[in-house]
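Take a look at the letters that make up each chain.
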Amino acid sequence: MIESISALGRSGTDAVRQYGKAGLLLLGVLCHVPNLRKGFPLVLQQIYAEGVLSLLIIVVSSLFIGMVVALQGYHTLVKFGASAQLGPLVALSVARELGPVVTALLFAGRAGSALTAEIGLMKATDQLSSMEMMAIDPLRRVLAPRLWGGFISMPLLTLIFNAVAIYGAYLVGVKWLGLDAGAFWSNMQSSVDFHSDVLNGIYKSIVFGFVVTWIALHQGYDVNPTSAGIANATTRTVVYSSLAVLGLDFVLTAMMIGGW
Amino acid sequence: MLSQRTIETSVGFFLLAAILALIILAFKVSGMTSFFKREGYDVTAQFDDIGQLKIRGPVKIGGVTIGEVTNIMLDPKSYRATVTMRIDSHVNDIPVDSSASILTAGLLGDNYIAITPMYSQRYLMNGSEIEETHSAMILEKLIGQFLFKVGNDNKQPVNGASK
Amino acid sequence: MNNLIEINKLHFQRQGRSIFQEVDITIPRGKVTAIMGPSGTGKTTLLRLIGGQLYPNKGHILVDGQDVHQLSRQELYKLRKRMGMLFQTGGLFTHLNVFENVAFPLREHTQLSEAMIRSLVLIKLEMVGLRGARDLMPSELSGGMGRRVALARAIALDPDLIMYDEPLSGQDPITMGVLLRLIRTLNDTLGLTTIIVSHDVQETLQIADHVYVIADGHLIGQGTAQSIKQDGSEQLQQFIHGYPDGPVPFHYPARAWDRDLLEGGRV
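Chains as they are written, first to last, in our numbering: chain A, 1 to 260; chain B, 1001 to 1163; chain C, 2001 to 2267.
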């Protein structure tokens, strides 16, 4: 009995220590004046690795999601004679929620896990230690560009997701189900407000990008340097990122609906 | 590792695609007509009750949007709401004695300001105020009025006097 | 100053276990010093303590007169540029080829032109005998070749001190011979001070000038390569000569043999 209580306490303090380490990592990564000339190509490389290489899965997923939402939405709306509202339905769902959240989840699965595995491997093969012993700060050289890369890539990916999903809905709604294109777009335009719908979604994606990349970096940096350790860390990245995204989504949505 | 040039080019395309998506979202999806302040002039009006009118609510004449609400404030002296509207500059012939009413779009939609033009030869300019205003219809007051009227109608035969 | 490194009364604990207790070591300048001991005694930890990656609980480590753990971040980095370290796994950057790996410290820390960097890299690679392999990727190198590239990278900035963490472990005899020769030659021709951490006793003793043997957190022997083979405690002799039984017992603690056998079948 006493043992289980102390085990509980220990897991609690371990969790707090993890947060502490993550916080220190973030501090180490952010709190250095970046050398723009040297650092910029590194960030660019990371935007490529995290953003451009994620485009395929984002575009394909968003196309299908847009099409499915349009299909499902149509079949429900048509019972109320409200099929003209399909445009607003899709646009608002995607811009406010599906865009930022699904992009973040896909990003966590593809880019986040890749980051954790890469950094974990660098730690396990002493590449990070070698760098440190060569008087080069690995936080600055390896981790910081990856954080900025994720932070910048995520909103860009979300924008593309939103546009492609709405286009997919257009394909299904107008081209296939025969809704009037003019009504589709004009109803959408009168229901979607750029600032409170589209921009708020982008703000969400910026927050998600930051959190997912941070979690991925921390899991990789703190990994137990064995192959089993790296595998576990990669899994944890995906799980924790997904939970964080969904939890933050609720918090941010509540803040935004209440008018910031 | 790909060459630096390939990386830069593909990141450039990525960025362009995202900007394109942003533009599509801004103009085709949300119907923002311009990102900058519209070319126009400011007009004010005072209402007893603005109902659910919000900033950026449309201002329409005959159902056509010609401007938007830019500011709503409470006048500390008259305790009426002062609404500032920005009217498009090409709509420059609204008579000064026109009336502004707050109506509801559809049955349950958002509120907007409808301007009904009158006959004066002088037109609204930057800083003008619309004198004649009709406040928003508040459902509760309407029901109250209706009940009051029904109650009075019922009482008439007893008193013998009609209102 | 005759000693490049002085370690005084070092205490270090990790996760409740005491790794070093009251350890004193001096590393003389210009010589090859071997630090040996059974696996898990914390020899790698010692190198990390010297490099300032870990902080001791008590005691001081002085490198060229400077207390490593009192230095500011800037000064520590300046000191590290004078140290080269070769990790057990090599630590080569997997996304760069051999040439780029060796050029990495030069690119980061110096403003030399491309032509100069190229010359320096080729010189270092030539010293380790791998100039022809300069376009290979680390995944295409054998273990021994990888170690040599890491060695070339470690000497890229012409350090004063070079530390080897188990350089010979898991290598075939030829590679071992190559690495041993390299370690000794580089030390003498470049005027380096070398620390080798190893448990390959016989091979390391061939090239070491001074030897320290650590077990259970203490020094159990020190001296020249010759003296260590002869004198010393039973524990030391068991380690040096590799006797299977002695102070470190062969049998893992267990019950009496006959009781275990006779009760066979029952847990």
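Don't take every hint at face value.
As the list claims (entries may be wrong) - Some chain C residues judged to face chain A by a derived CB distance under 10 Å, without partners named:
{"hint": "1", "residue": "2038"}
{"hint": "2", "residue": "2040"}
{"hint": "3", "residue": "2076"}
{"hint": "4", "residue": "2077"}
{"hint": "5", "residue": "2081"}
{"hint": "6", "residue": "2109"}
{"hint": "7", "residue": "2112"}
Quick caveat, the hints were computed from the structure, so don't treat them as lab data. Keep in mind the model is a prediction, meaning the values are calculated, not measured. Ideal placement from N, C-alpha and C gives every residue a C-beta, glycine not left out.
*Starting from the hint list further up, note which numbers the structure goes against and sort them upward.*
1, 2 and 7
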